Structures are given as structure tokens and as C-alpha cells.
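K.L.:
Following the hints, put chain D in place on chain C, whose structure we already have.
If you read the sequences in order, they're chains C and D.
Under the working numbering, think of the first position of the first sequence as 1, with each following residue one higher.
Under the working numbering, think of the first position of the second sequence as 532, with each following residue one higher.
Hints were generated in silico from the structure; no laboratory data involved.
In this text, all values refer to a predicted model and were calculated from it rather than measured experimentally.
Misleading hints may appear alongside valid ones.
Said to hold, decoys possible - To give an idea of the chain D side of the interface with chain C (calculated C-beta under 8 Å), a few residues:
#1 L605
#2 D656
#3 V661
#4 D746
#5 M788
#6 L789
#7 L809
What the hints assert, rightly or not - Calculated cross-link-like contacts (lysine to aspartate or glutamate; reagent style EDC-like; alpha-carbon spacing at most 16 Å):
#8 D:K664 with C:D62
#9 C:K369 with D:D795
#10 C:K364 with D:D795
Said to hold, decoys possible - Just so you have them, the derived chain D footprint on chain C, three or more residues with Cβ under 8 Å:
#11 372-383
#12 411-423
Glycine residues also receive a C-beta, built at the ideal position from the N, C-alpha and C atoms.
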Amino acid sequence: MMDFPRWKVWAVTLTILAGILFAIPSLLPASALAKYPAWLPSARINLGLDLAGGSHLLLEADTADAAKQRLQAMEDTVSTELRRNNPRIDVGDISTSGGRLSFMVRDPALVDAAVERLRPLTQGVGLTGTRDWDVEVVDSSRIVLTPTRSGATKALKDAMTVARDVVRRRIDPQGTKEITVVGQGEQRILVQVPGVEDPEALKALIGQTARLEFKLVDLTADAEQVAAGRAPAGSQVLALADGTGAMAVKRRVMVSGDQLVDAKQSFEQTSGAAVVSITFNSAGARRFGRVTQENVGKPFAIILDDKILSAPNINEPILGGQAQISGNFTVESANALAISLASGKLPVKLNVIEERTVGPDLGKDSIRKGAIASGIATIAVIAFMLVTYGRFGVYATVALTVNALLILGIMAIFNATLTLPGIAGFVLTIGAAVDANVLINERIREEQRRGRKIIDSIETGYTEASTAIFDANITNVIAAALMFYFGSGPIRGFAVVLMIGIVTSVFTAVNLTRMLVALWVKRNRPKVLNI
Amino acid sequence: MKLLKLVPDNTNLDFMRWRNLALLLSIILTVGSVVLVGVRGLNLGVDFVGGQMIRTTFAQPVDVEQLRSQVGGLGLGEANIQEFGGPRSFQIRLPKPEGGEAAANRAASRVRAMLAQQYTGARIDAVETVSGKVSEELATDGALAILFAMIGIALYIWLRFEWQFGVGALVTLLHDVAVMFGFFALTQFQVDLNIVAAFLALVGYSLNDTVVIYDRIRENLRKYRKMAIVPLLNLSLNETLSRTIVTALSIMLALAMLLIFGPDVVFGLTLAILIGTLIGTYSSIYISSPMLVWLGVKSDSFVKADDRPGPEGQQGAREPA
Chain C
1 MMDFPRWKVW AVTLTILAGI LFAIPSLLPA SALAKYPAWL PSARINLGLD LAGGSHLLLE
61 ADTADAAKQR LQAMEDTVST ELRRNNPRID VGDISTSGGR LSFMVRDPAL VDAAVERLRP
121 LTQGVGLTGT RDWDVEVVDS SRIVLTPTRS GATKALKDAM TVARDVVRRR IDPQGTKEIT
181 VVGQGEQRIL VQVPGVEDPE ALKALIGQTA RLEFKLVDLT ADAEQVAAGR APAGSQVLAL
241 ADGTGAMAVK RRVMVSGDQL VDAKQSFEQT SGAAVVSITF NSAGARRFGR VTQENVGKPF
301 AIILDDKILS APNINEPILG GQAQISGNFT VESANALAIS LASGKLPVKL NVIEERTVGP
361 DLGKDSIRKG AIASGIATIA VIAFMLVTYG RFGVYATVAL TVNALLILGI MAIFNATLTL
421 PGIAGFVLTI GAAVDANVLI NERIREEQRR GRKIIDSIET GYTEASTAIF DANITNVIAA
481 ALMFYFGSGP IRGFAVVLMI GIVTSVFTAV NLTRMLVALW VKRNRPKVLN I
Chain D
532 MKLLKLVPDN TNLDFMRWRN LALLLSIILT VGSVVLVGVR GLNLGVDFVG GQMIRTTFAQ
592 PVDVEQLRSQ VGGLGLGEAN IQEFGGPRSF QIRLPKPEGG EAAANRAASR VRAMLAQQYT
652 GARIDAVETV SGKVSEELAT DGALAILFAM IGIALYIWLR FEWQFGVGAL VTLLHDVAVM
712 FGFFALTQFQ VDLNIVAAFL ALVGYSLNDT VVIYDRIREN LRKYRKMAIV PLLNLSLNET
772 LSRTIVTALS IMLALAMLLI FGPDVVFGLT LAILIGTLIG TYSSIYISSP MLVWLGVKSD
832 SFVKADDRPG PEGQQGAREP A
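This is chain D alone, in the form it adopts within the complex:
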């Protein structure tokens, strides 16, 4: 049986030739994302700003404008109404009402009553009410979870490799997270608590990819001590290219299926992880690796490691190639 080879054997692409162009692109992407978040802002869900979200499915297709004016007529503040997975399903978002929890509960009841009265067969699928206090805590928790995950990972890589690798991984992650924020600012997809899970998945995947490439760079640094750093990075990237593509494709294949056939509630989450996979794959080739050139990793960075006892030293010594 002839097996599929997406990447021909012994590729020799000069990835590093484009590293300055890629750097420019990455800087533009990062800065652009930050600016975009500043200018357009994020479409934050009730989890992070407080307020109410009511998800409803009608028995018949409904005119959004009519629904908007009906909800607006209740005088509950500016409602945000979006289609959610079909012309009969909508998500109604109401701002945090003045006057505390009792007012919030009353607001939800009024919307429910209105829907039941105006549309026969309307089904309330979900209601979420989050107070200002809780939403602040959730936002802090989410930010802390992402921040500490990034720092913890960078520290581990520093310990297992060299400081340049730790810094390289951290810069890569900062880029990834910034671009992901940019994506959400651009598309105005709703950012809720589930999206934090997507950010964390992005951090995990991007790191996974970076570590695999770093592992090969470390191996080659030990193997070819005389080789200059740029060709060595090219070699490592080419050697791992087939793996990078097969893995990224399998994951994106699975996510695409989930996106097409999966439940509407996970659409945002799945899309975010899919985009994250793309960003993570790009950044491990064009940020993590050239960072090592800029940070001055030398071919002898791991020579000392050979003299040290421990698994790394043993492996380097055993593999003269």
C-alpha cells in the first residue's frame, strides 16, 4: 500500500531566510491586535461584565428587528440580540440592571413573560444571570489562569532547556494570546468563560508545538557542534516539518468536524481553538525558533550539559550520529 506523504522526504526549506519578514508580520499582527482591542473592544459576555443572557428558540422564524423593539420596549436598558445557530434561535443579552439582584431577577421574568405572550411555542433554552461582583471575580480568575499558566510553562522550559528557550516560549505565548485577542476584537465573537478555556488550549497547543521543535534543536545542537545556528534551525524545522503538518492537520480535522456537526453552544469555543491551532503552528516556526537567533543561542549552549550528569547528558553522549 502506498502511504500518504504530505511532506516529501528530506525537505530543505530555508525557513530562516524569511525570519525578518516574519518578524515584521508578527509585530504588525501583535500591535494591530492590541490596537484593535483598544479601538473596537471585546464583545464580552455576561460572564465578564455582568447582566443577563437569555437563549430562546421560537416555533417559527422571527424578525430580529421586531424582537429587538419588543425587548427594547420593556425598558430594561440596551439589549443585544444575536442569532444563535439558526433563524429561530436567538440570544438576548441585557445589561446589569440598576438596583441589585432583585431587579435582575425581575428583568429576566419580564423578558420571559413577554416571549411567552408574544410568541406561542417559544422555548427558553438557557438563562444566565451574573452579578457585577461575580463577573469581576470571573474576569480576574480567567486572566490569572492564563497568566500563571504562561509563566509556569516558561519556567519549566527554562529548567529543561536554557534561558533563551524559556524567553522564546514566553514571547511566543504573548504573541499568540495577543493575536487571539485581536481575532476576537476583529470578529466581535462573544468572549465568555468558555473562551478562556480556548485561550488555555491555545497556550497548551502552541507550547506543545514549540517544545517539540525545541527538543529537536537541542538534539541537533549536541549533534552538530560546528554548525552555525541559522542552518541548524532550518535543519531542525525541516526534520520536524512532517510531524508539524500531520499533527496540526489531524487536530484541525477533528475541530472542523466539531465545528460543522457539533452543538451550537460549542461553536465559539471550537472556532477559537481552531484559530489557536493555526496561530500556534505559525508562531512555533516563526517566533520560537528565530527568537533563539536573536537571543544568541550558540552551538555550544548544550556542550556543558554533556558533562553534567542526568538524562540529557547521557542522551547527548550516546548519540554521536
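Next up, chain C with everything else stripped away, as it sits in the complex:
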């Protein structure tokens, strides 16, 4: 009766001590933690962006754009591949409408050879045998390439992997910040950056695909035709970035941003305008040198994401592999472009579909007020427990305090993140812990009223209350688990704290208080039970 074996006392005490040990780092200020001995646990609870301040961005790949780009890339590959190899296969009437690439093979005798040559390009890389593109011959001379679903999925997956790296490099070129860039589902990326001052700048960095191309300006184009959006064969009409019109440029890319090794913001020497200085790799430098040499005196267009930034004249061959990009930049926008170019182009256009930014001041304010309010709430509940249950109220208070520390400790172990809804979950859990104590104490009161002896009523109180505690907490676990599974962000933050709290509150309310009561009964052999 009221037996609490020695090993159980040890087990409960050690569990609690371990929990408190893990909770301490989260309660200490960072400066004190630095002096903390290295052999002690130092993992802390992460504060969510809503508490610590920072930006949360959800990016979604523009799949239509990705498909279009993939088709264009295929068009380029097909035409170079067929023209280059021996025998040269002439194609014409290339079209990419309807999500398919179709073209005529001029010499019908070469259709089979063309299909054969396209085979390695259209087959999947893996060993699964699934094709990336379906190849069809229509009307004996037209070849139609249709992207397969598996090919498109794989291409998107690859693109997303690259996009995550690019996004990370753009936000954090030095790799020193604690940022989170993770994939969500097939076409989304979640970015979390703590302590952002200007979310607009952040979005500008990510929003740019940064596909840089140098193309020759088509001087033969008729101004009226260009204004109407029509370009001569082999050329295309592109809009000017400042929105003042359009210009016809040759379709062929002279040099592209893929061949850059570096980009920096700098100032033009004569005018002092903000520009971006770029450095090509050796192949790019050679190519750039050759093209500029061949076209001295002619204008070339600097194109970013299909918009013409500027179209300066080539005054002399540019041989050193260094060039400047000018185009109505501010220092900030030039800097953003430099970072974007240096980090490589995004393989797919990303749209910001959700943004949440909390300023650092609001976060600090929330934490301070939250801590004060939690303190006052705790004192109020403790006072209420003490006047209601006396000695047993003291035990309940000890249990509540340990419970709070255990929750913090377990969250620190799992490196969990505490958010505002998490604080609500915390409060609810403390409520559940209070309830467990109330259930036990009320039951003890009741059993005593029915005329049971002291020890007997305590014992019966604990056993009888435990079924209600058990069922009530299981229902809450079910609710928390379903919340975690179906809910998003904030709901999950709530559910995590709730689940941890349920386990710790049952442990502290049932095991810890029972141990304290058992030890008290054993030592004092009370004659009256004031509860």
C-alpha cells in the first residue's frame, strides 16, 4: 500500500533531472550559454519566425514556363544536332506550338536517319527504359516530339534540385546565415530567413530567373514590322526592359550567362552609373572575343529574362573575358542582378505564393510579453492550487513546474521550433496537467468523504482517477496527431507542443505526485488528511 519502490524513485528522479538539464540551455541567454561547459547538453529550442522575426517565403515553380523552356532547349539541341553531324540533315518549319516540337525534314530519304540520331536525345537517362520524349513521324516527312509525363516529371525534379541550390546561393552567398531552403511537394520550395530587414530585396533576389544572353541586333528589320511584333526570319522581337518599345534581335545566342564565372556590382568609369561587371570562363571569353571581333561597329543586345537591358555598340573587340552590363540600374538593383548572375540562372521561374515577414521588434515584444504573461498565469494557477488543495496543491505545483521544464527539455532534444500557436499549445497542456491533478485530488477528497482511511483514499483516488486521465489524454493525443497530419504550419506547431505536453503531464501528474505523496505518507504517517 502506497508502495513506491526505490528503483522507481530513482527512475522518476533521473528522468526529471535529465529533462531539466536539457531545458536549461533554452532558458539561459546566449551570452551565458557561451560559458557553459562543453560536456553539458547545449541544444536550444528554436524560435519560430513569428517570434524571432524573419521572412517565410513559399515559392512555386511555374510549370508552364518550365515546359516551355524545356521545349525551347530541345529545339536548340535538335537543330544543332541534326545540322552538325555527317550527313547534315536540313530541317525547316520548326514549331513548338501545342506543347510539342515538330519540324519537317527537307530530304524525305533522311527521315529515318534523323529519327535514329534523335534517339539518344529522347531516351531517358535511367535504366528504367522509359522515354523522356515520344518520337512520331507524321506525313512521312514531319517529325513530332512530344514530352512524356515521366520525362517532364523527372525534368521538373532535376530543375527543383538545382533551383534550391541557386536560391540558397542567392540569399546567402557566403553560406553563413541560418537559412532554411527545403522542397515541399513536387513543385514548391520553402525558404525561411531569420531577421530580414527588407523582404522586398529578398523577393527581388529570388524572383529573377537571371537568364542572361548576348545576341546581335538585327539591323535589317523594318521598324514598323518590329512595332507590330513581326521579325525577319532567324530573328525575334524582344521588349526593352524599361518598357519604351521593342527591338529585333537574332535568334542565335552569341554568349550566354552559363559561361560566367563571376559578376559584381561596380560603377562605370565615365558616367559613374551603376553597372554589373561580369567575367566569362575561358570558353566564354574566347567566344565573346571572337564574336565581338567579327562584329565591330554593330550593336549587340544584352538580354535578361527575355527583356533587352541595353544594346550598346561594339566599339572594339572585347578579348579579356570581362564586360560590363549597363541598363538603368540603381546600386541595389545592380547588386541584386550581380548576385543572381553569380549564383547561376534558375532552371525554372519561381513565383512567391506566400510571404510572411515579422519585423524583429514585434518578435522581441511578443516574446517579452509572452514570458511575462506566462509567469503571471503560472503564479495565478499555483496560488489557486495552493488555496484549494493545501499540501496536495504543493505537489501539484511541483508537478506543473517540472512539467513545463520537461516540455522545454524534450523540445530542445528534438530541436523543435516554438511558434506563437505553440505557446497556446503550451498553455493548454498546462491546463491538462492541472486537470490531471484536480481529478486525482478531487477523487481523494471524495473517497475520504465516503469514509475510507487516509492511505486507502489516496490509493483509490489515484487508481480511479487514472482511467479518466488516460481516456482524456488519449483523445487529446488523437486530436493532436490528426492536427499534425492534416494541418499546415501553425497548426503543426500547436500539435507538436500538445503531443509532447500530454506525455509529460501524465508522467508528472501521475508518477511524480504519487511519488511525493508516497514519500510523505511513509515518513510522516499522517493522522488527518487535509485536502
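P.N.:
Only chain D this time, still in chain C's reference frame:
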């Protein structure tokens, strides 16, 4: 030391006497809430309808009307401006702009620029932009989370008790959630993602309360097999009354402190949980319990359980009282 007893020993309140009146009240509350939601609608935050929310604190008190006309002058659609925790803090909500994400970003920049220009020392505390697509997903996620939590809980109670208890718990939860929606429709407090957490807390708390009372009813059904159901429910409610009140008071005490001293951002959430505690306490007494009468729980509902092996059977057998 004299201890505080909020509820005197051996109370014998006839709760069930008022059960039909309470039923009427509950029906009026539920139907009224549904109608209120239909007529007034909910003040849905950007999380659920998409659009933008900018929270800002000014260096000096600001005239709302002036601010409203300035934001309105930007031509970004109908802005909703509310005070947020003080005369210097405001929440500006803008509808989802036409023309996709780029337009949304531009709209936020323009409001920011306007605030910086018109009010020196204005501080942007928070910006939230949610696209239509994401807001639909969040709304579905939130609704599913509440729905499945309710069904899962009802199933568990059915397994642990009897089917009548499962149905009783589910009806209680439906009532609670409906009345909570009614509260938000009436007060026009903003419903955002955090409020879903409050709904879930309500479901959890109400269930907790219901289960504690059901547990006592089950125990008494085994103990007093000859007792009629209505007096048995009264007995169970009276026996658990002290616990019901002490627990509800401690939780409301903690929530009230959070409401008064806590950060403004959790005000809506805390208030919702506080209201939820009230609704949950009422419903576990006046819906969960009388539901058992209406669903025809008999005193012998758990007799068979005694013959079954398992923890319930053992306990019932061991406790002849």
C-alpha cells in the same frame, strides 16, 4: 489551514431537470450560429481568402479615417483597416490583386512606401501575402484537421465506451464548433490560421471534459445497476462538479492572464480558447450527458462489459462499493 472549497461536499443539484430547456437553448444557439455565419459571414483573414496584411506601428497616434483615405488613394482595392492592440498600431488588409503574384508584391511595396513617406518613424511589424491558391489549400487543410480530429475522437470513444457515448461526443463537438463559428460571426473577430488552433483546442478541451464525465457515468452504471438513468446522470454530474469547476477555473485563470498581459498577436487566439473553454464546459454537462438519455443508454449497458475480459471488466468487478 482551511482549504478553499468552491463546491460544497455532497451537492445534489438536479441538472437533468433542465435538460429540455437546455436542449432548446442549445438548438437555438446552434441554429442561430449557423444563420449568423450565413448572414454576417466570417471576417476571414488573408490566410483563407488570399491577399495582403500589413501590420504597422506609428511613432504618434494616427487618425484611422485619414489612414484609410491614404491607403484607399493608392487604388489597390478596398482596404480593411483595424486598430491592433493600441491607438498607434494598425492592421491594413488588402484584397488579392488582379494580375498574379507580381501585382501583389508591387501592392505591398506601394503601401510600405506610402507609410514611410507620410509618417516618419512608422515601423512595419509584419507583412503577410497569401496567394489565392495557397489560401484555398490552407482553408481545406484547416477544415480537414478539425473534421478528422472530431471523427477520430468519436471513434475512440465508441471503442472505449458504447456507441451512444461516441454519438453523444460527436454531437457535442458539432454544437461546440457551430457555436464557436457563431461567436466569430457575431464579433467579426478575424479568423486566421491561428484560430484553427483555437478550434482544435476547443475540440480537445470539450472532449477532455466530456470524457471525464462519461468515465464517471460508466463507473456508476456498473456500480448502481438498478438506478434509473436520469438520477444516475445527476449523481455523476454532481460527483464530478467540483473537478469540472476547479479545472475550468484554473484554465480560464491562466488564459485570462495571457489575455491581459500577453502579446497582442495572441489576443484573438487566447480569447477564442477562453470562449471555447466556456462552451466546452457547458456542453459536456448539458449536451453530452442528456444525449445518453435520448439515445437510450440503459443501466445494463455495461453489464455485459463485466463478463468481458479486459481492464474495464476487472475494474467494474473489483469495485462493488
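K.L.:
Against each hint, give a clear statement of whether it holds in the structure.
P.N.:
Outcome of the hint check:
A cut of 8 Å between beta carbons decides the hint on L605 of chain D: the least distance to chain C is about 16 Å, and the hint is violated. For D656 of chain D, the suggested interface contact is upheld, since its CB lies about 4 Å from the closest CB of chain C, less than 8 Å. For V661 of chain D, the interface hint holds, the least distance from its beta-carbon to any beta-carbon of chain C being 5 Å, beneath 8 Å. Nearest Cβ of chain C to the Cβ of D746 of chain D: about 4 Å, under the 8 Å cut. The hint holds.
For M788 of chain D, the suggested interface contact is upheld, since its CB lies about 4 Å from the closest CB of chain C, less than 8 Å. Given the 8 Å rule on beta carbons, the hint for L789 of chain D holds: about 5 Å separates it from the nearest Cβ of chain C. Using the Cβ-Cβ criterion of 8 Å, the hint placing L809 of chain D at the interface with chain C is not satisfied: the shortest such distance is roughly 14 Å. Taking the CA atoms of K664 of chain D and D62 of chain C, the gap is about 13 Å. The hint holds against a cut of 16 Å.
Distance restraint check for K369 of chain C and D795 of chain D: the Cα-Cα separation of roughly 9 Å lies within the 16 Å cut-off, and the hinted pair is therefore satisfied. For the hint linking K364 of chain C to D795 of chain D, the alpha-carbon distance of about 12 Å falls within 16 Å, and the restraint holds. With a cut-off of 8 Å between beta carbons, the region 372-383 of chain C has 8 residues touching chain D; three or more are needed, and the interface restraint holds. Requiring three or more residues with a Cβ within less than 8 Å of a Cβ of chain D, the coverage given for the region 411-423 of chain C holds, as 3 such residues are present.
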